[in-house]
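Participant: Read off the chains here:
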Amino acid sequence: MAEHIDEWVFYEYLDEVLDAAAAQSVATHLASCPSCQEQLARQKRLFATLGSLPEAPLTIDLTPKVMGRLRPQPKPFLPGWWRWVLLGEGIAAAALLLLLLPTIRPLIGGVSFTFPAAEISNQLLRFWVEMGSVLTLTWPAPSLNSAVPFIIWAVILGLGILVGLIGNSLLLPPLLRSLSPTPHRGQHA
Amino acid sequence: MLNFSDRELVSRVTQGDEEAFAWVVRRYQGVMFNVAYRLLGNRREAEDATQEAFIRAYQAMPSFDLTRPLSPWLKRITTNLCLNWLEKERARPQITVSELTAPDDEVGALEQFPAPQVSPEQQVSEMEQGQRIRSALRQLPVRYRVVIELRHYQELSYEEIAAALDIPVSTVKSDLFRARKQLGERLESKL
Ligand SMILES: [Zn+2]
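Line order of the protein sequences matches chains S and U. Using my numbering, count along the first sequence one by one with no gaps and you end on 189. Using my numbering, count along the second sequence one by one with no gaps and you end on 1191.
With a cut-off of at most 30 Å between alpha-carbon atoms, the simulated DSSO-like pairs for lysine-lysine come out as follows:
#1 U:1088 - S:65
#2 U:1088 - U:1181
#3 U:1088 - U:1173
#4 S:44 - U:1173
#5 U:1181 - S:44
Here are some chain U residues the structure puts well away from chain S; computed CB gaps all over 12 Å:
#6 1066
#7 1067
#8 1076
#9 1141
Please keep in mind that the hints were generated in silico from the structure rather than gathered at the bench. We put the CB at the ideal spot given by N, CA and C, even for glycine.
Next up, chain S with everything else stripped away, as it sits in the complex (with noise of 0.2 Å):
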């Protein structure tokens, strides 16, 4: 009698995965020898044993919660961060002013300078006031001091704006889109 044949080759016998010469000889053995027929019945047994397992009940349903968890919830009107970009717009607009007060100081004390356009302005608003009734009304022009050169103004102005462009583009984007709806399946995709 040849030899037994292993357990692993009945493996794969039983998940037909031998070619067809290596299960007819397995087939041709076994025919002959108890021994292995007892060895393939007992993997056999094995198999059907797990194949037996019975599909356990789902108890609950999962698709409210699945939902669920597709939906986010809605986000804030503004994200988290958005404080800290107003509180640092808040401190650098208030060392801004903290410099510039020297300068201020005396506009607000009223050393007087006529700033052109500010005197168009004025000329212009009291033409309409004077037009449009009896009234003459005297207008303070607003005056900036002469002392600081106009380049320091311009420099303000602009770091002023850009502050306020900076600030502005971080805050606007996550403005703007919690006012527009958006579609759910851009956050997952």
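Chain S is already provided as a structure; the job is to place chain U with the ligand on it using the hints.
Facilitator: Okay, now just chain U with the ligand, sitting in the frame of chain S:
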């Protein structure tokens, strides 16, 4: 949408129809739960894993090949997820073996859904048999448990298992052999 084919549902999902995905969940939650339950051996964890697997499936659905069947794909996602969980669990030292192998409330759950036209005695014996098998599966090392799941319950070929786990076919064969040998030893005495 109850009568929609899987393909119709998936193509609706990819077009942004969430209700279609709800039907996918209704249709496959049982199947995916059972994959997770066999692998994790714990109902609660299996329910959590099923949910998580559906979220992953939803995210991956735009890349799903509509010419292929949905069920094996969903099972594969569930299997991979459970495998990740089990590997993470193994890496956590505070989880003890007894916790991992502790049987859960299967008896109670089965009692709520008795199989129709089966005698009470048969039900009890099926329940006991089921518990024996689950317990034996739980005691297998994770890598053996996974090949048993893929071969015996998802009916993948050696090559498909090798591809799914990214391991050589020879490793699939040797893992399957050892897994079956261990299961045989544990179950044979109780058969
Ligand atoms: Zn023999």
